[in-house]
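First to last, the sequence lines map onto chains A and B. For reference, each letter of the first sequence is one residue, going 295 to 755 in this note's numbering. For reference, each letter of the second sequence is one residue, going 51 to 149 in this note's numbering.
Among the clues, some could well be false.
Okay, derived cross-link-like pairs now, DSSO-like style, lysine-lysine, Cα gap no bigger than 27 Å in a straight line [stated by the list, open to error]:
hint: 1; chain 1: A; residue 1: Lys435; chain 2: B; residue 2: Lys143
hint: 2; chain 1: A; residue 1: Lys731; chain 2: B; residue 2: Lys75
hint: 3; chain 1: A; residue 1: Lys552; chain 2: B; residue 2: Lys75
hint: 4; chain 1: A; residue 1: Lys552; chain 2: A; residue 2: Lys315
hint: 5; chain 1: B; residue 1: Lys75; chain 2: B; residue 2: Lys142
hint: 6; chain 1: B; residue 1: Lys75; chain 2: A; residue 2: Lys753
hint: 7; chain 1: A; residue 1: Lys315; chain 2: A; residue 2: Lys435
hint: 8; chain 1: B; residue 1: Lys75; chain 2: B; residue 2: Lys143
hint: 9; chain 1: A; residue 1: Lys315; chain 2: B; residue 2: Lys143
Partial pick of chain A residues on the chain B-facing surface, computed with a CB cut under 8 Å [stated by the list, open to error]:
hint: 10; residue: Leu336
hint: 11; residue: Val339
hint: 12; residue: Leu343
hint: 13; residue: Thr345
hint: 14; residue: Val347
hint: 15; residue: Leu393
hint: 16; residue: Gln402
hint: 17; residue: Leu404
hint: 18; residue: Leu415
hint: 19; residue: Asn530
hint: 20; residue: Ile533
hint: 21; residue: Val709
hint: 22; residue: Met717
hint: 23; residue: Glu725
hint: 24; residue: Tyr730
hint: 25; residue: Asp732
Stretch-level coverage of chain A by chain B, calculated; a stretch enters the list once three of its residues show a Cβ under 8 Å from a Cβ in chain B [as the list claims (entries may be wrong)]:
hint: 26; region: 367-373
hint: 27; region: 464-475
hint: 28; region: 481-492
hint: 29; region: 688-698
hint: 30; region: 738-751
Since the hints were derived computationally from the structure, they do not count as laboratory data. Owing to the predicted nature of the structure, the values given are computational and were not obtained by experimental measurement. We put the beta carbon where it would ideally sit given N, CA and C, even for glycine.
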Amino acid sequence: MSVTIQLAYLLAAFLFALGLKLMSSPETARWGNLASACAMLLTVVVTLLHTEVVEYQWILVGIVIGSAIGSLAATRLQLTEMPELVALFNGFGGGASLLVGWEAYHRQPLQDPLGAATILLAVVIGGVTFSGSLVAWGKLKEIGWRSFRLSRPLLFPGQQAINFLLLAFLCLGGVLYGLDSAESQTLFLVLVALAFLIGIMVVVPIGGADMPVVISLLNSYSGLAACAAGFVIFNNILIVAGALVGASGLILTNIMCKAMNRSLTNVLFSGFGAVAGKGGKKTHGEPRPISAEDAYFVLEAARSVVFVPGYGLAVAQAQHAVMELGELLEDNGCEVRYAVHPVAGRMPGHMNVLLAEANVSYDLLVEIDDVNPNMETVDVCVVIGANDVVNPAARDDAESSIYGMPIIEVDRARVVIVLKRSMAAGFAGIENPLFYKDNTRMLFGDAKSSLNAVLGEFKRS
Amino acid sequence: MSGDLIFLMFILMLAVFLGLELISKVPATLHTPLMSGSNAISGITLVGALLAAGAADSTPLSIGLGTAAVTLATINVVGGYLVTQRMLSMFKKKRGDRK
Chain A
295 MSVTIQLAYL LAAFLFALGL KLMSSPETAR WGNLASACAM LLTVVVTLLH TEVVEYQWIL
355 VGIVIGSAIG SLAATRLQLT EMPELVALFN GFGGGASLLV GWEAYHRQPL QDPLGAATIL
415 LAVVIGGVTF SGSLVAWGKL KEIGWRSFRL SRPLLFPGQQ AINFLLLAFL CLGGVLYGLD
475 SAESQTLFLV LVALAFLIGI MVVVPIGGAD MPVVISLLNS YSGLAACAAG FVIFNNILIV
535 AGALVGASGL ILTNIMCKAM NRSLTNVLFS GFGAVAGKGG KKTHGEPRPI SAEDAYFVLE
595 AARSVVFVPG YGLAVAQAQH AVMELGELLE DNGCEVRYAV HPVAGRMPGH MNVLLAEANV
655 SYDLLVEIDD VNPNMETVDV CVVIGANDVV NPAARDDAES SIYGMPIIEV DRARVVIVLK
715 RSMAAGFAGI ENPLFYKDNT RMLFGDAKSS LNAVLGEFKR S
Chain B
51 MSGDLIFLMF ILMLAVFLGL ELISKVPATL HTPLMSGSNA ISGITLVGAL LAAGAADSTP
111 LSIGLGTAAV TLATINVVGG YLVTQRMLSM FKKKRGDRK
């Protein structure tokens, strides 16, 4: 590889790192993304000058098709479909690494054990990422057939044993392949299929509330797959960039797990909801409904309001209505903040993007630790489509399956207004004592129409 | 060959540490753009795909695998960066302009 190319890769590695560094603040983040994109462009252009690249027609075909699909998807899609898109892109990255490994093996079937091992790593991690991401995408898309819903955690007896067996087969096959790669063409295809199967099996038992963890994890895998592909073709820029992505995904996975007070193994091996049914005291009492008009009177008199958005906000597409209500309240002299739980929604930062889309200023978005200490001074908490992340049982009830999970302690505010469709059990099937507290009022109905009703009251006055 | 491998492992180790340091400073509000942005970076595997699709004396299977890899990686790169830019352009602080 010529010195020019290596120097260009060095510059690209610097720009990738700089890009991530600039992501540390919303003000500089756009430049960060731009730096990263420039690094990628530079890398691609100098790679095309590589002496081993002699045929350009197929590259052109791939780049034209890829660019067309990529730019269409990125510009046409609704931003509420972001989790699906990220899941899908993760999968494509993994798939590309799989194909690169496969091609390297096809070109040179006779590999020393070390070479065979790197190829196998790229192919297996890439394959798991690809199939796992497609299942995650299907879950987020709520794909289903008749009574079957992919989004529900799919658990069956002996699942762990089967997964273990698949993994054992993969290891065994991997060793056999590594010892005699030239004669193992069929075995190689079996291993690819095994990797696909494992990816599916790993994601299938995971419930909707755990999606942020899975997406972060797959994100990490897509980086590791690129890394492994870098070892296959002995290319340092792939290793640097892949490692950065792998680290990023790992950190996000860790943050998500902490925010749910669960370990990664717990998330991966026990579908949420399947184990949640047990435990939790029965709560007594009746929920107290409130009308939109009364909600208006409560909010109108409030000096400090905290909105707590959850996945229900995304489903109801109520982000613009929230923003409008927030602005009216601010004009009314009220202090408005938005408290976002790390696992609210279906991917890390999901709520922040939705609210940003609705033009909510990002400095109004606060985290758990910013809002909990002075919750007593908050006049009204408005919970919109969030359930488990505000469930006081996580703090009070050692029997509950979510005990120990950090929550936004809305029940300590003077008044809590909960926007909810009905009293049906939430995603995890856990009773939420919040709904029966003396200071809680339930505003039943679709979040968007409820908010619009309150907005109507504001405008009439 | 194994000397090269050790060298690449050094790079890997340092890059992982660098990544952990850099990413732990990203605020929660930017986690989605971080994810889609880093996702675009993982499309770096496009380099390997270009080398595969552009190599001389390829069998049809090689060409097919290479071209498919280029396509997938390009979707990842182009789509990832565009959608990240689209999201980041929405993160605004607008206290000042409100009356």
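Review point. Do at least three Cβ atoms from the region 738-751 of chain A come closer than 8 Å to Cβ atoms of chain B?
Key: violated (count 0)
Check your understanding: Per the CB criterion, is Leu404(A) less than 8 Å away from chain B?
Key -> At about 14 Å, which exceeds the 8 Å cut-off, the nearest Cβ of chain B leaves the hint on Leu404(A) violated.
Point to revise | Hinted contact Val347(A) with chain B - closest CB pair below 8 Å | key: holds, 4 Å
Review point. How does the coverage statement for the region 367-373 of chain A fare against chain B, requiring three or more residues with Cβ below 8 Å from a Cβ of that chain?
Key: Answer holds; 5 residues pass the 8 Å Cβ test.
Check your understanding: Is Lys435(A) close enough to Lys143(B), meaning Cα to Cα at most 27 Å?
Key -> violated, 32 Å
Practice item. Report holds or violated for the interface hint on Val709(A), using the least CB-CB distance to chain B and a cut-off of 8 Å. Key: At 26 Å from the nearest chain B Cβ, Val709(A) fails the 8 Å test, so the hint is violated.
Review point. Quick one, is the Asn530(A) hint okay against chain B at 8 Å, beta carbons?
Key: holds, 5 Å
Check your understanding: At a threshold of 8 Å, is the proposed contact between Leu336(A) and chain B supported by beta-carbon distances?
Key -> violated, 11 Å
Check your understanding: Do the numbers back the hint for Ile533(A), that is, is its least Cβ distance to chain B under 8 Å?
Key -> Hint on Ile533(A): holds, closest Cβ of chain B at ~5 Å, below 8 Å.
Review point. Taking the closest Cβ pair, is Gln402(A) under 8 Å from chain B?
Key: violated, 11 Å
**Study point:** Restraint check for Lys75(B) with Lys143(B), where alpha carbons must lie at most 27 Å apart
**Key:** holds, 20 Å
Practice item. Tell me if Tyr730(A) is really an interface residue toward chain B, meaning its C-beta lies closer than 8 Å to one of theirs. Key: At about 31 Å, which exceeds the 8 Å cut-off, the nearest Cβ of chain B leaves the hint on Tyr730(A) violated.
Hint check: violations occur at hints 1, 2, 6, 7, 10, 11, 12, 13, 16, 17, 18, 21, 22, 23, 24, 25, 27, 28, 29, 30; the rest are consistent with the structure.
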